[in-house]
Every structure is written in structure tokens, then in C-alpha cells.
Amino acid sequence: MGAPALSVVIRKLLIDALKPREIPITELSKAICSAKGVKEVDIVVTEVDAKTETVKITIIGQNIDFDEVAKIIAENSVAIRSIDQVVVYRTRRAV
Amino acid sequence: MGAPALSVVIRKLLIDALKPREIPITELSKAICSAKGVKEVDIVVTEVDAKTETVKITIIGQNIDFDEVAKIIAENSVAIRSIDQVVVYRTRRAV
Amino acid sequence: MGAPALSVVIRKLLIDALKPREIPITELSKAICSAKGVKEVDIVVTEVDAKTETVKITIIGQNIDFDEVAKIIAENSVAIRSIDQVVVYRTRRAV
Amino acid sequence: MGAPALSVVIRKLLIDALKPREIPITELSKAICSAKGVKEVDIVVTEVDAKTETVKITIIGQNIDFDEVAKIIAENSVAIRSIDQVVVYRTRRAV
Amino acid sequence: MGAPALSVVIRKLLIDALKPREIPITELSKAICSAKGVKEVDIVVTEVDAKTETVKITIIGQNIDFDEVAKIIAENSVAIRSIDQVVVYRTRRAV
Amino acid sequence: MGAPALSVVIRKLLIDALKPREIPITELSKAICSAKGVKEVDIVVTEVDAKTETVKITIIGQNIDFDEVAKIIAENSVAIRSIDQVVVYRTRRAV
Amino acid sequence: MGAPALSVVIRKLLIDALKPREIPITELSKAICSAKGVKEVDIVVTEVDAKTETVKITIIGQNIDFDEVAKIIAENSVAIRSIDQVVVYRTRRAV
Numbered sequence: 154m155g156a157p158a159l160s161v162v163i164r165k166l167l168i169d170a171l172k173p174r175e176i177p178i179t180e181l182s183k184a185i186c187s188a189k190g191v192k193e194v195d196i197v198v199t200e201v202d203a204k205t206e207t208v209k210i211t212i213i214g215q216n217i218d219f220d221e222v223a224k225i226i227a228e229n230s231v232a233i234r235s236i237d238q239v240v241v242y243r244t245r246r247a248v
Numbered sequence: 154m155g156a157p158a159l160s161v162v163i164r165k166l167l168i169d170a171l172k173p174r175e176i177p178i179t180e181l182s183k184a185i186c187s188a189k190g191v192k193e194v195d196i197v198v199t200e201v202d203a204k205t206e207t208v209k210i211t212i213i214g215q216n217i218d219f220d221e222v223a224k225i226i227a228e229n230s231v232a233i234r235s236i237d238q239v240v241v242y243r244t245r246r247a248v
Numbered sequence: 154m155g156a157p158a159l160s161v162v163i164r165k166l167l168i169d170a171l172k173p174r175e176i177p178i179t180e181l182s183k184a185i186c187s188a189k190g191v192k193e194v195d196i197v198v199t200e201v202d203a204k205t206e207t208v209k210i211t212i213i214g215q216n217i218d219f220d221e222v223a224k225i226i227a228e229n230s231v232a233i234r235s236i237d238q239v240v241v242y243r244t245r246r247a248v
Numbered sequence: 154m155g156a157p158a159l160s161v162v163i164r165k166l167l168i169d170a171l172k173p174r175e176i177p178i179t180e181l182s183k184a185i186c187s188a189k190g191v192k193e194v195d196i197v198v199t200e201v202d203a204k205t206e207t208v209k210i211t212i213i214g215q216n217i218d219f220d221e222v223a224k225i226i227a228e229n230s231v232a233i234r235s236i237d238q239v240v241v242y243r244t245r246r247a248v
Numbered sequence: 154m155g156a157p158a159l160s161v162v163i164r165k166l167l168i169d170a171l172k173p174r175e176i177p178i179t180e181l182s183k184a185i186c187s188a189k190g191v192k193e194v195d196i197v198v199t200e201v202d203a204k205t206e207t208v209k210i211t212i213i214g215q216n217i218d219f220d221e222v223a224k225i226i227a228e229n230s231v232a233i234r235s236i237d238q239v240v241v242y243r244t245r246r247a248v
Numbered sequence: 154m155g156a157p158a159l160s161v162v163i164r165k166l167l168i169d170a171l172k173p174r175e176i177p178i179t180e181l182s183k184a185i186c187s188a189k190g191v192k193e194v195d196i197v198v199t200e201v202d203a204k205t206e207t208v209k210i211t212i213i214g215q216n217i218d219f220d221e222v223a224k225i226i227a228e229n230s231v232a233i234r235s236i237d238q239v240v241v242y243r244t245r246r247a248v
Numbered sequence: 154m155g156a157p158a159l160s161v162v163i164r165k166l167l168i169d170a171l172k173p174r175e176i177p178i179t180e181l182s183k184a185i186c187s188a189k190g191v192k193e194v195d196i197v198v199t200e201v202d203a204k205t206e207t208v209k210i211t212i213i214g215q216n217i218d219f220d221e222v223a224k225i226i227a228e229n230s231v232a233i234r235s236i237d238q239v240v241v242y243r244t245r246r247a248v
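Chains as they are written, first to last, in the working numbering: chain E, 154 to 248; chain H, 154 to 248; chain L, 154 to 248; chain R, 154 to 248; chain G, 154 to 248; chain B, 154 to 248; chain Y, 154 to 248.
Just so you know, these hints were derived from the structure itself, not from any lab.
Treat the hints with care, since some could be wrong.
As the list claims (entries may be wrong) - Pairs of lysine-lysine, DSSO-like flavour, derived with a Cα cap of 30 Å:
#1 Lys224(R) with Lys204(R)
#2 Lys183(L) with Lys204(L)
#3 Lys183(H) with Lys224(H)
#4 Lys183(E) with Lys189(H)
#5 Lys192(Y) with Lys165(B)
#6 Lys192(B) with Lys209(Y)
#7 Lys192(G) with Lys209(B)
#8 Lys224(E) with Lys204(E)
#9 Lys189(R) with Lys189(L)
#10 Lys204(G) with Lys204(R)
#11 Lys204(H) with Lys204(E)
#12 Lys165(H) with Lys189(E)
#13 Lys209(H) with Lys183(E)
#14 Lys189(H) with Lys209(H)
#15 Lys224(L) with Lys189(L)
#16 Lys204(H) with Lys165(H)
#17 Lys192(B) with Lys224(B)
#18 Lys224(R) with Lys183(R)
Can you make the complete structure from the sequences, with help from the hints?
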């Protein structure tokens with residue numbers, strides 16, 4: 154994936170997910186924001202059903218560790234329905 | 154939640170709430186703005202019914218104390234219907 | 154409402170009001186702009202009826218004195234129908 | 154209207170008017186722009202009828218003399234239908 | 154029209170016109186741009202008919218000579234249907 | 154066309170064209186961009202038919218040579234359907 | 154294609170493609186971003202079907218090597234349906 158000194162990093166992820174209503178988005182956002190390489194998490198509730206809520210999770214960072222993000226989301230009983238956007242950059246070295 | 158020196162803070166909250174018409178939004182906004190870590194409060198009335206008004210409360214700050222915000226809202230007889238957006242940041246230490 | 158040195162001030166008000174057609178908005182805006190803490194007043198006419206006009210009054214300032222604003226509006230025979238938006242800030246001391 | 158050194162000035166006017174088609178908006182705009190305190194005049198034609206045109210006249214300046222503006226408009230056989238917006242500022246002294 | 158040293162100048166004109174299809178807008182725009190006081194001409198084709206095209210001509214300059222612009226447009230067999238916008242400024246002296 | 158030292162130059166062209174599907178827009182854009190005075194070419198495909206594609210070609214430069222652009226477009230078997238916008242400027246001398 | 158020292162480079166590509174659902178866009182974006190001259194890749198999922206997803210791939214860089222990009226996309230079992238936009242610039246020399 155390029156010359157040794159180059160690295161491709163994830164800068165933005167937009168995740169569509171389904172969460173139980175009893176999980177507060179204040180807690181969920183804080184948990185995701187503690188993942189490696191994450192700088193900012195923005196969660197918007199787009200649909201509310203009897204037991205679940207559809208949320209759009211925007212994650213921004215210099216070098217987002219997607220595996221850790223996915224693990225944290227699963228640990229909070231939230232199901233990723235789809236990854237709707239990924240933005241990657243190539244940097245001289247991993248930040 | 155990260156290395157000792159790191160901290161995740163709430164920078165923005167968007168709250169959908171139902172308030173009695175006799176509570177003026179000038180007073181409600183001032184009360185919320187006195188909560189720890191809050192810098193700015195913007196309340197917009199989106200629906201007016203006979204006895205209640207639906208309001209969108211946007212709260213911005215460097216490190217919003219959600220528990221205190223929720224307590225102040227409840228003390229003013231306002232019911233939080235949903236938290237529609239949360240934005241959190243990771244900072245070197247709590248601001 | 155916070156530590157002694159802190160103060161919460163109103164920076165913006167959006168008022169929906171009903172005014173008699175014979176009150177010119179040039180005069181009404183000047184009168185409101187003379188209230189304590191007001192810097193700018195923007196009045197837009199949104200509906201015209203036989204004897205009245207619906208106006209949206211946007212008031213901006215460093216520390217708007219709402220009581221004085223409300224008094225001036227009433228003295229001009231204008232009825233506040235609702236306060237549609239309030240923006241408050243917390244400052245080190247009242248400006 | 155405030156302490157002696159303060160003054161409230163009109164910075165913007167939006168006027169809805171009806172003009173005879175034979176009055177060119179190039180001439181009308183120049184005439185209005187010669188009024189005291191006016192810096193810029195923007196006239197947009199929004200409707201064209203057999204003998205008349207509806208125009209939106211935006212007038213910007215540091216301290217617009219509304220009475221002179223109204224007199225010039227009348228002298229050009231143009232009828233003010235309504236003043237749709239007024240923006241006033243409070244300044245240390247009249248500019 | 155104001156004190157001797159002041160002058161009202163046309164800064165923008167928006168003209169709605171009908172042109173024969175065989176007149177290229179590249180030539181028409183260059184011709185108008187050569188008028189006194191004109192700095193920029195932007196022509197957009199908004200409708201195409203069998204023999205004619207409707208164009209919106211935006212003319213920008215420090216002190217547009219409308220009479221010369223009108224003459225050039227007529228010489229190119231283009232008919233001005235209406236002047237849809239005029240913006241004038243008052244300057245210390247004509248630029 | 155003005156005093157000797159003045160020159161009117163084309164800064165922007167928006168061309169509506171029909172191209173055979175087998176001509177790649179990567180090649181077409183590079184070819185147009187090699188024309189005299191062209192700095193940037195942006196081609197967007199707006200409609201796809203069985204054998205042809207409708208494209209909007211935006212060409213930006215300090216002094217676009219339209220004749221050369223038209224020749225290159227024709228050489229690539231692309232038909233100009235209309236020139237939808239031209240922006241010209243007057244400069245002290247040709248750039 | 155111009156004088157020896159000039160070069161036309163691709164700065165932006167917008168590709169419409171169809172990908173198997175089992176290829177994660179996090180991996181696909183990283184692979185494309187490793188192509189020569191690519192700086193940023195933004196993939197948005199616009200439609201989800203039983204086995205495939207439609208994606209819009211935006212590729213930005215100083216001098217994008219389209220052939221390498223196309224090869225990488227094909228190697229990931231993704232079919233390019235169309236190239237919807239190309240932006241090219243002319244530079245003094247290839248970056």
C-alpha cells in the first residue's frame with residue numbers, strides 16, 4: 154500500500170446504526186470517542202420506533218481505528234446497518 | 154476511557170422538549186445557561202399548542218454537564234422528549 | 154445563577170408580533186433600538202391584513218433588557234404573539 | 154431616545170413599490186441614491202403588467218433619511234405599497 | 154443630484170434580452186464588454202427557440218455607461234426585453 | 154474594441170455537448186485543457202443514452218482561445234449543442 | 154499537448170460504480186488511495202441491493218493516475234459504470 158513512509162488513514166466514517174432506546178446517545182458518543190484515533194463523534198437520531206432508534210454516527214479523527222470503533226459499537230448493543238461514507242487520506246506517515 | 158490525560162467532553166446537545174406555555178423561554182434559556190460548562194443556549198419554538206410549546210434547545214459549551222442540564226430542565230417543568238444530537242470531542246484534559 | 158463574576162445575557166430575540174398598520178416600522182424599529190443593551194433591530198413584515206400587519210422582530214445586542222423591550226413594544230400598541238427564539242451567552246461579567 | 158451621545162440610524166430599507174413602465178429603473182435608482190445618507194440602491198423588477206411594474210427597492214446607507222427617500226420616490230410617480238424591512242443600528246453619534 | 158463632488162454610478166445591470174441564434178454569445182459579450190465603464194459581462198442562455206434565444210446579460214463595472222451598452226446591444230440585433238436589476242452606488246467622484 | 158492597451162478576454166465558457174460514449178471524458182478533458190489560455194476543464198456527464206452522452210463542459214482560463222477549443226472539441230467527434238454561458242473581462246492587456 | 158514544460162493533470166474524478174456487498178468500503182477506499190497521485194478518496198453508498206451496492210467514489214489528488222485507479226477498482230471486483238466528472242488542470246510541470 155505505497156512506499157514505506159506513506160500511509161493511508163481513515164479520517165471520516167458515517168455509520169447508519171440501530172440502537173436500543175435505553176442506550177443514551179450521550180453515553181454511546183463518549184464510548185466511541187474513546188477509540189484510538191477518534192477526535193470527534195456526532196450522533197443524530199433520525200427515526201424513533203417503539204424499542205429502537207435509528208442513528209447516524211459521524212466519526213472524525215486523524216487515523217480512525219475502525220476495528221476498535223466497530224467493537225465498541227457492538228459492546229453497546231448497537232447494530233451497524235451500513236457504513237454510508239468513508240473518507241481516507243494518504244499521509245507521509247501514520248498520525 | 155483512554156489514557157489518564159485524555160478526556161471526552163460534550164460540546165453540543167440538541168434537545169427536543171415540551172414546555173408549559175407559562176414558562177418564558179427567556180427564563181428557561183438563562184437557567185440552562187447557568188449549568189456547568191455551558192456557554193450558549195439557543196431555544197427555538199417550533200410548535201404551539203393550547204397549553205404547551207415544543208422547543209428545540211441547542212446547548213453549546215466546552216464541557217457540558219448533561220446531568221446538571223437535565224436537572225435544570227426538569228426543575229422548570231419541561232419534559233425532554235428526546236436528545237436529537239450529541240457532539241463530543243476528545244481533549245488532552247477536561248476543559 | 155453561577156459564580157458571582159459570571160452573568161448570563163440575552164444576545165438575540167426573535168419576536169412574532171401583530172401591529173396596527175398605522176404604526177410605521179421605521180418608527181417602531183427606532184423605538185426598540187433605544188432600549189438598554191440593544192444594538193440592532195431588524196423588522197420584516199410577513200403578512201398584511203386590513204388593519205394589522207404581522208411582523209418578525211429580530212433584536213441583537215450585547216445584553217438585551219427584555220423587560221424594557223417588552224414595555225416599548227406595548228407602548229407602541231404592538232402585541233407580542235410569541236417569542237420564537239432566544240439566544241443567551243454566559244460572560245465573565247455583564248456587558 | 155437614549156443618552157445624548159447615542160443615536161439610532163436606519164441602515165437598510167426594503168420597499169415594495171409600483172411604478173409606471175415608462176420610468177426607467179436606471180433613472181429611479183440614481184434619483185433615490187442621491188438622497189441624504191444613502192450609499193447603495195438595488196432595484197429588482199419582480200412583476201411586469203401592461204402599464205406598471207412591481208419593484209423591490211433595497212436601500213443601504215449609514216444613516217438613511219427616510220423622509221427624503223419617500224419624497225423622491227413620490228416625485229418619480231412611484232407608489233410605495235409597503236415597507237417590507239427596516240434595519241436600524243444604534244451608534245455613538247449620527248453618521 | 155448631491156454636492157458637486159458626489160456622483161451616482163451604475164455598478165451592475167441585469168438585462169433580459171432576445172437575440173437571433175446566429176449571433177454567438179462569445180461575440181456579443183466581447184462587444185458589450187468594450188463599452189465605457191464595463192469590467193465584466195456574463196451571458197447565460199435561458200431559453201432556446203427556433204430562431205431566437207433568451208439571454209440574461211449581467212454587466213458589472215465601476216461606472217457603466219448604460220446608453221453605450223444599449224447602443225451596442227441594438228447594433229448586434231439584440232432586443233432588450235426588460236432591465237431586471239440595477240445597482241447604483243454613490244461615490245466621492247465618478248470612477 | 155476600446156483603447157489600444159485594453160483587451161477583452163474570455164474567462165469562462167460553459168458548453169453543452171453531445172459525445173460518443175467511446176470517447177472517455179478523461180481524454181476529452183485533457184485535450185481541451187491543452188488549448189491556448191485554458192487553465193482548468195471540468196466535464197460532468199448529465200445524460201447517458203445508448204450511443205451518446207450529454208456533457209456539460211466548463212472551461213476556465215485567463216484568456217481562452219474559443220476557436221482552438223471549438224476545433225479540439227470537433228476533432229474528438231463531439232458536437233457542441235450550445236454555449237450556455239460566457240464570462241468575459243476587460244483587462245489592461247491580454248494575459 | 155502543449156509546450157514541453159506544460160502538463161495536464163487529473164485533479165478530481167467522480168466514479169459511479171457497482172460493488173459486491175462483501176467488499177467493505179473501508180478497504181476499497183484504502184486500496185484506491187494507494188494509487189499514484191491520489192491524496193483523498195471519499196466513498197458514499199447511494200443504493201443497497203441484495204448482493205450489490207451502488208457507490209459514488211470521489212478521488213482527489215495532484216496528478217491522479219487513472220489507469221492505476223481503474224486497475225485497482227477492477228482487482229477489487231468493483232465495476233465502473235460511468236465516470237461522472239473529471240477535473241483537469243494545466244500545470245507548469247507534472248506534480
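Now the hints, each set against the structure:
no.: 1; hint: Lys224(R) with Lys204(R); result: holds, 22 Å
no.: 2; hint: Lys183(L) with Lys204(L); result: holds, 22 Å
no.: 3; hint: Lys183(H) with Lys224(H); result: holds, 14 Å
no.: 4; hint: Lys183(E) with Lys189(H); result: holds, 18 Å
no.: 5; hint: Lys192(Y) with Lys165(B); result: holds, 27 Å
no.: 6; hint: Lys192(B) with Lys209(Y); result: holds, 26 Å
no.: 7; hint: Lys192(G) with Lys209(B); result: holds, 26 Å
no.: 8; hint: Lys224(E) with Lys204(E); result: holds, 22 Å
no.: 9; hint: Lys189(R) with Lys189(L); result: holds, 28 Å
no.: 10; hint: Lys204(G) with Lys204(R); result: holds, 29 Å
no.: 11; hint: Lys204(H) with Lys204(E); result: holds, 29 Å
no.: 12; hint: Lys165(H) with Lys189(E); result: holds, 22 Å
no.: 13; hint: Lys209(H) with Lys183(E); result: holds, 22 Å
no.: 14; hint: Lys189(H) with Lys209(H); result: holds, 20 Å
no.: 15; hint: Lys224(L) with Lys189(L); result: holds, 12 Å
no.: 16; hint: Lys204(H) with Lys165(H); result: holds, 29 Å
no.: 17; hint: Lys192(B) with Lys224(B); result: holds, 17 Å
no.: 18; hint: Lys224(R) with Lys183(R); result: holds, 14 Å
In summary, the structure agrees with every hint in the numbered list given earlier.
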